[in-house]
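Colleague: Going by my numbering, the sequence shown opens with residue 23, and the numbers climb by one from there.
No lab work stands behind these hints: they were computed from the structure.
One should not assume that every hint holds.
Unchecked claim - Lysine-lysine pairs mimicking DSS-like chemistry, simulated, CA-CA at most 27 Å apart:
no.: 1; residue 1: K306; residue 2: K263
no.: 2; residue 1: K306; residue 2: K249
no.: 3; residue 1: K263; residue 2: K249
no.: 4; residue 1: K263; residue 2: K303
no.: 5; residue 1: K303; residue 2: K249
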Amino acid sequence: MTSYSPCAAALVAAMESAAAVDPAAAVAFQGAPGADSHQAVREAVPGRPALPCVAFEDAMEAVQTGRAGRAVIPIENSLHGRVADVHFLLPEAGLHIVGEHFVRVRHCLLGLGTLAEVRAAQSHPQALGQCRQRLRGWGIEPIGYFDTAGAAAAVADVGDLSRGAVASKLAAELYGLNVLGEGIEDADHNTTRFVILAREPEPVADGVPVMTSFLFQTRNVPASLFKALGGFATNGVNMTKLESYLRDGSFSAAEFYADIEGAPADVGVALALEELAFHTKWVKLLGTYPRARARD
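Please put together the full structure from these sequences, using the hints given.
Modeller: Have a look at this one:
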């Protein structure tokens, strides 16, 4: 997204002014007002001013520069997996994960008229794909757009009754659109996990279940990953997520993102991380924070 439509831009200006009154309380997010990330801010840190940002980098930079005290960034989706680029941006930003939040994504068909008048619906391609069967059943043509909430704002700007948008109920409220269909996604488990970022780590109260997230790169030798992860098994540390990715077009040793239950101060976790460091090129801790949801 390079710019906001006129309808969204007016909201953005008002939200930027509100955030500037108390930057330490402001929470940055990526997208137009009404995006799922905006909803995540409202749910995870209610009552704080939300600061819209064009890109993930802009939301993180807002925290780095003090324009916002926190940022809420999507990291994975139950249908589509890892959110592109976030694993690369997290270590570069130098911020700390201080919390997590899960948003049940419920897509709505929005428009200015009635369902019978809508001939085409625009939205982010992922959102359109998640609603493919319902849109096809209605005979509505899907049209790709860079952002769900941005698509809703554009529908409000253009004023075409035949054009709808697939976006959130919050977007309908913000842009004065009618909700022509609610919960139109084809799968009922569409959930996005967000992480909350801050400049400094935040203490967690005693007795609160915690998660720790980190990145590491294996050595390019046989069984390197097996050796690197062995300490978690032998020390009884539950690893809830492990995902590999390649950087800079290299097909050599992979980098990994991992989530574990527990804190580095725990004896078992400390021993596991020590063994991990011995068998890897580097380890980057991203944060220890309260667990929002138990992992099965």
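Colleague: For each hint given before, does the structure comply? Return the numbers of the non-compliant ones in rising order.
Modeller: none
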